[in-house]
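Visitor: So the protein lines, in turn, are chains A and B. Residue 85 in our numbering is what sits at position 85 of the first sequence, and the numbering runs on without skipping anything. Residue 85 in our numbering is what sits at position 85 of the second sequence, and the numbering runs on without skipping anything.
Calculated from the structure, these hints are not laboratory results. All clues given are correct.
Cβ pair distances, simulated, as ranges:
{"#": "1", "chain 1": "B", "residue 1": "ALA216", "chain 2": "A", "residue 2": "LEU286", "range": "55 to 65 Å"}
{"#": "2", "chain 1": "B", "residue 1": "GLY123", "chain 2": "A", "residue 2": "PRO341", "range": "44 to 54 Å"}
{"#": "3", "chain 1": "B", "residue 1": "ARG90", "chain 2": "A", "residue 2": "LYS56", "range": "55 to 65 Å"}
{"#": "4", "chain 1": "A", "residue 1": "ASP240", "chain 2": "B", "residue 2": "ALA216", "range": "48 to 58 Å"}
{"#": "5", "chain 1": "B", "residue 1": "ALA337", "chain 2": "A", "residue 2": "GLN144", "range": "57 to 67 Å"}
{"#": "6", "chain 1": "B", "residue 1": "ARG703", "chain 2": "A", "residue 2": "ASP240", "range": "50 to 60 Å"}
{"#": "7", "chain 1": "B", "residue 1": "GLY123", "chain 2": "A", "residue 2": "ALA352", "range": "40 to 50 Å"}
{"#": "8", "chain 1": "B", "residue 1": "LEU741", "chain 2": "A", "residue 2": "ASP240", "range": "38 to 48 Å"}
{"#": "9", "chain 1": "B", "residue 1": "ALA390", "chain 2": "A", "residue 2": "THR294", "range": "51 to 61 Å"}
{"#": "10", "chain 1": "B", "residue 1": "THR744", "chain 2": "A", "residue 2": "ARG348", "range": "19 to 29 Å"}
{"#": "11", "chain 1": "B", "residue 1": "SER292", "chain 2": "A", "residue 2": "ASP197", "range": "27 to 37 Å"}
{"#": "12", "chain 1": "B", "residue 1": "PRO150", "chain 2": "A", "residue 2": "LYS56", "range": "30 to 40 Å"}
Being a predicted model, the structure only gives us computed values, none of them experimental. Think of the CB as a built atom: it goes at the ideal place given N, C-alpha and C, for glycine as much as any other residue.
Take a look at the letters that make up each chain.
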Amino acid sequence: MIDAPSVLAPTGVIRQPAEVRCAAELAALIAHDRWPKPRGWRLSPRMVETFVLGSKESLPGPDGPVPIPAKFVGDRRLVQVAIATLASDRALMLAGQPGTAKSWLSEHLAAAISGSSGLVVQGTAGTTEEQVKYSWNYALLIAQGPSDAALVPSPVLRGMRDGAVVRIEELTRCAAEVQDALISVLSEQQIAIPELDTAVFARRGFAVIATANTRDRGVNEMSAALKRRFNFVTLPVLTDLVQETEIVARRSRELLHDLGVEPVVPRDLIALLATVFSELRRGETLDGAARVKTPTTVLSTAELISTVANGALLGGFFGDRPATVGDCVAGLVGTVAKENPADLDIFREYLATVAKPRKDGLWPAFYAAARDAVG
Amino acid sequence: MFLFPVRHHSPAAARHVTRVIRARRPRAVLVEGPADATPLIPALLDVRTEPPVALYAYRTEGAPRAVSWPFCAYSPEYVALAAAREVGARSAFCDLPASAVLAAGDETGLDLSPAEDYARFCGGLAEAAGYATFDEFWDVVFEQEAADLPSDAFVAALVEFGAKARRLVPRGDEDSVREAQMAAAALRVVDEGIAPEEIVLVCGAAHVEPIAALVAGSAEIEPMEPPTVPAALHLIPFSFPRLSEHFGYGAGNRAPRYYQRVWEAGGDHAVATRAALLALAADLRGAGRDASLAQAIDADTLGGVLARLRGKPAAGVDEIEDAAAACFGQGQELPVAAALRRIQIGETVGRVTPEIGRTPLQTEFYETTSRLGLPVVDAPRQILLHMPIAAEAARSVFLHRLVLAEIPYAVELVSGLGGGGRAAVKDPLDQIARSREKWELAWTPATDGQLVERTALGASFAEVCGRTLADALAAATRIDQGTETLLRMALCDLTEGFDAGLLRCERLAAAGGDFVALGRATFHLDGLAAYGAARRLPAAALATLAARLFRRAAVHLPAAAVCGDEDAVAVRDTLVSLADLVRRASPVADGETFWQALERTAAGAATHGEIRGAILTLLQLGGRLGDSDLAHHLRYWLSATAEPGANARLVAGVFSLHRGTLVRNRPLVAAVNGFLAGLSLATLTPLLPTLRRALGNLGGAERAYLSETLAGVLGVTPSTATRSVAASDVETALLREADALVATTLDDWRERYGIA
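Extracted from the complex, chain B is given alone in its bound form (with noise of 0.2 Å):
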């Protein structure tokens, strides 16, 4: 029987591996990957499958877990299995089957995570040889020198160096049980009347010697049985910037798409490198630096001197690094690290041929992004989705769907000049209203593998995102998580579930009391409402229950605003929201039980001081209370208790909103100043946290004004100003506090945004 070692990801054993299948003609060969994978051997090699691809594994019951096996173009078993078809040989996959793999605690069912004592065996192998990474020590002896060498030369050298690696490192159980294996299979190949000399097995370099010990018949196979769960096996499409990330030894390889161009030259590294070198100009020209013929001539010659004093027979991947930064970039690796990473990893995504028969969620997927210009590379592409334009609209159904069924694809983005790469916030009632979406788009091998397990659920988008919705209404306890759904729906353009959605919320409506709850849902309606009409929903049945979720809002408001600190700032901002609702005489606010609602609170004696004063502030802005009666109330309150925990409060409450008008009322700023003055300093101290929320971050404007109202209130004329500013040392205290605050918030800029 004869054992190929070969690395994974290795052009040079690709090539000796073919060589050899080609010479010695087996009628079997045997290849390193997962049993059960055997039937997508011919879609593996069907003509229409261009690699990268992988074989994709999945756990079809219990916690999610999978596992993918790479291919590409020049990996040694993919290229072993096309040379086997190519001799009449037949073929299978021979290692532990994926449902074992995957019921094992192993992440990536490849040949790796090395334990760290061969990381180091290759570290000092490679320092030995005097080369800087054992990439390196691989690329000149195996890739470059031993390329060149008779295929039992090459198979030889590989075979030592893997059994030393194997030998130095006794590695553990999972090792054994999957070399007993693959010795099992060859065996069961021979019983099945097939001689020895004509099966090849293609495995790792450092099985190969325990391996062929167990099938000569000097160790003894243990018949085992690993445990193994349910699993389905697919065949999905991957990438060389995946293949790069799954780099260690044995696994991936550090410049996938580099050594395409090996393979793709026969193996003539300096060709490659040239080829390599005119594309990283071309890409540096498209980015629109200057990259000329010329200097990729100097980067080309560099590169061969480089590689003749370091030792090497051609230049490689090293020797483009440097003479890329040397050449094009100035000394700098900054400029030319995005071109490099292009050239040297790549972006390409492979294809997997029709007849394997995509799941319906696949061919959705392509064909949809197909048809709305979507793009389907692994390297992030962002767009801007203009909403008034119906084909952009689309693509934004399409990707809010993708983002509920949790297909990794599509994440939004903060639009607008301010956004930046961050994420956009998750509120669908802020989603709904935009006019402009920012989309961050990426595929990657994780999208297939989500797309193929995602059937389970449905058979198109709608039904995936149907079902999720439907789920999560039946889970919603609250209203206002109800109405987020009807939200969600609007966004994906799911509304043949908007009746039985809308049914739950009127249900939710009547079961549930909470003020916060039912005034966020209140908004939400609004706003679908709102827009409502473009997405064709139905808009009287939402505004009824709109409605009626105002009006039990207000009912409960009395009730809610006895509450601890930190509800209190919720209540208040539904308040303010609700406020809004009102002053745009929107159909759903009902403005006198509003009103009424408000009055009957803040005359509550258990009112929280904060939610009190913005009340008092609201009631004043809407008109039912006059300027010097806010005055008359506040000094009533502040008198009511002695607490002056609760007073601050209340006057933090009242300045939550609209500083600027009553920065300018002068009974108010009386008040204010009464009670602030008849506090002694030690009382004031504990209460300036409160009031600095409230009064702390003053505008320029606004100072301005509260200074021209104080000094009216204190009988101080301009001339007197200056010097009785400085008398008071309350408001010196709040002036120092402010400063502070201002000064931390500009360092704070300065370190974050550069501004001085």
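In isolation and in its complexed conformation, chain A is listed as follows (with noise of 0.2 Å):
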């Protein structure tokens, strides 16, 4: 597994976007692509692939080789069916439970596709079709009337003009009237302005990837006409404990180098933060052997993330020492039970029933730790 440093040094940007945080990789991808580009795209199907799952070789850059690590880690074959979904023509919808990656995987194909991440369109209860379409500045029309000047374009009509990627988070959270007015977009690729008498059609390149999540709403609220207009790719939740470590030991260094913070994770820590997830997730122990309540909350690889960073930065910053297993418990508890009482009981149930019993390791530890947080 390669290593990849921060490209840039902390700036004091929290988080950049994926193309810009990237940029040495894509810039060294595109030198190198010798396979065929559908037009509109800035890098082949193949090196798109590449760029999301990573590739074993560096590439020579004007300085040096650079690595091209794994942004996602998971099945090669949905990775492939996106990027086919994107090179027909077709919109993509990428569904699947909180914290499986669908926003970063859709962040990086766009910005691998396009070169930019940017055009996004949140989804919420309260978006209106004019984030969707288009809207006016009013002080411009009421003064002129409709003009081009007075339109104010909204991320897919701009994607439509520019032949870009345009992400739409969280979809099913529209109302369905504002899901519906993206059938006739996905369709017929144009969106009319009737005040102006025009219409933009889409130029080669333009393509959607939307983002469902199944955990609140979830598909079945989508209009069956809106999800004709979709290929569906469902990321799955990790169940291979190595590749979940893996994962959560590099973002967690990444997220900590970002914030200034070089603290040390202890590998077993993460590893036994990882099994406790898994186990509470799966609903029986790593080797089958018991079985065990699972609470109601999701416990995805991104809360995991955030819980091993969590406790690094406890320990950095009041401790000023490496991470230890108390600063990870407050974290995890939190994690496990939100707002539903029970799920503090079922945490309680598995530390007596699974976590006590082990005696090797961090496992006493841990339970001594976690005991004295849930009483």
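If you follow the hints, you should be able to join the two separate chains into one complex; please do so.
Guide: Structure representation (structure tokens):
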């Protein structure tokens, strides 16, 4: 596994978009791309796949070899279906539980294909049709009547004009009427502007990547007509403990580096926390010997990353030492049990039946710290 | 001599072998397959034979073993034989005969079980070429890319592949034996005057080099006589699902139906994929899901783009799976999984020409299933039969006969809403009483295999079943085994042997003296008498025998009641069933004898406590004991022995039946309470399991009655009731046990059924 140092030194920006963070990689990939590119794409589909899934060899760059680490760890076939969907002029829907890297994947695909992941429509209950199509500069509109200058294009319109990838996050949280406004956009690839008596036709390179969270309202809320406009890719929750531990270690290191903190989180601590999450998630111990009750919370990989990072920060800022079990447990409890008190009981039962008998490694310390935390 | 390398069930190899044979026009074509099956080649190629079919070989003596060699329309061996006939060449199978294969330890007779190393070689090769699995690699490199090469290039590539595989992994002796066999067969053809250039030998790719070396004479062919066993060969229908199960390098393939499409499209994978996706959409629509033509178009486009992205010439099996999930399944594989199976693997069942002469059982099977309208497909289908309808009763009889003859085709399931897919308990008494039966039917090649093998037992199902039942009767040692066989006869409507069966049962009745067996036999016969009218059984003879058995059972009861704990349960259950017969005033039950026997047993000193308790209750329910008499007897027996265990069993026995009535019997409850209260807690605790069995799972109403009665016994008024219930620690212990039991039951339900 290739270690990826943060490309830029910690800047004042909390989180840089993918195209900035991975600018050197993208440049190297473009320079060495010899595969055919669909019109409007900056990289060929194969290079996009390499960018997302990583490559064992580094590419030569102006300042030395540029490693291509994996951005997304998971089934290669899913990523291939996603890229092929976009290459065949279809809209892509990334569905899955919270914390399965849907938005992360969407951002990186957009960065690789169009060089920009900034054309985003954030779906909320308050999203209106204007944010999907266009709105007006009302002062100009009233003063001079409808004109091109008075038109304020939405990200979708801009994407159609420029031939770029548009991301729609949490599509299913939008009201149904707003979702349905997308139907004609996706099938006819144009937005009519009756006030100006014109229409904007999508240029090649325009594609839509939507994400939908299956835990909340889910894709059942989408109308059948809209569902048909998308190719679906469901991202699964990670089940491979080793893979999960790798991802958590890497991402938390990147996060902490961005924060300017360099504390060390011991590898076995990450493995222990990943085990706890995994066992609670799947409802049985890793060796399948005992059943475990599952809490109502999702316990996704993203939450595990933040628990680990939290722990490291506690250790670094308040203890000036590497993270200990106690530091991480504090964040763990809040992740496992959110608003449902029954989840706390489930965690206690887990401690008593699974954690307590384990005497090896960090388990005794974990048990002690957790008992203190939950009582 | 031209050696043509093949992989089993590969359309590309099939196309090329046809081309080569047509071009070379040989005079003899030898094909890898059991040599003793050569006489079946004309039947195999008969126009009325529709693949998939298989050569089926089975041992005719000794431990049963069977082996099959399947062929589908695009199996290179099958196609080679057809091409041979076309050019007028003579054809034969040249591998080890089936009689030798059956003698060896090999299960499948096909080119495999691959050695583990070989599987690793294939996996490694695939990975090096950038594919996830060997099958994907084979698909792209040989089925798609090499298929368009000229035949000699294809042959060269496949020979090299086979040689490398063979070299990398030195396989066992059986390969050398087979190669020697095939080489010897080829050389024999040469000896008969056909020049080597006019011979084409079709065999697995890995065998080409060794056979070529043997034939060229550079290596010695050891004469060998592999051991053989008596065996018979037959041609039976096969199915695509079984073909995909035989899956492994060289044997079977992972998507037989899809490759059939490829074969029919002349090797054009794009056309086959399109056809498959359209069929998938139609199948999903049939299942009630949304699957429009537009979605099929999108899936086809996605498949094509995916194939290009993956560097494949055209979309294939994997792309269909991915596109199906993305376009039809909303990202999930599960909704489309069943339809995909039907499209990729398929359910097709082949047909064998009538020329081959089916065995009588096969003929009867196919005729009857056709006449009765039973499905013959290699996929499970459920049917519900209503006995009162004559046509469905006929189906039931046929299916029961098949089950008795051990032909794998039908499995009876638990009927009714709560049954799910559970197999029904095979109790003939239950079965004969059912008015509805649910069956799951699935034809498999094993069905035909067994139809062929069972012909040894008879020429019709009636004969086979009759023989099986006659053997069962002869082997019966207890009366209830005999009567059970009679029940089976009734189920299978084989009433010709009934009188003989009845005679045998009478003889068994005279011999045996086991109460449980006698009791069971009695209600078997009672059941037969009750339902016998509909099935034309000699009701009078049955009733007479049953009555005689009943009386004998009553005679044997007192002795049987002196037994250990495990036997007590069986005795008690039988007793309860016999009491049921008396209560129903069944003609076979002699009430007076029964009651007298019970009274004698209850009074016997050595009778097991639980049985005594049950008998007391039965007597009371039958009106032979008054309410207070019951309590009186109980108190007497409780005081008769100081051993608390025996007394606990007695109490448990009393409460094992009709608790709803008993809990309202105040003197009885008083007696029990007195007994329990008189025990110390230490003595009570080991008795709790027994007591819990009887009293631990009372229903809500029963519990209410019990508390009422108990309150009356203890002289507690409703106002003081709550406090005094808590006061007695005996009752608390009982309650706690009950609570714990309820809790575990609820937990269990939550796990199993999701009821919270």
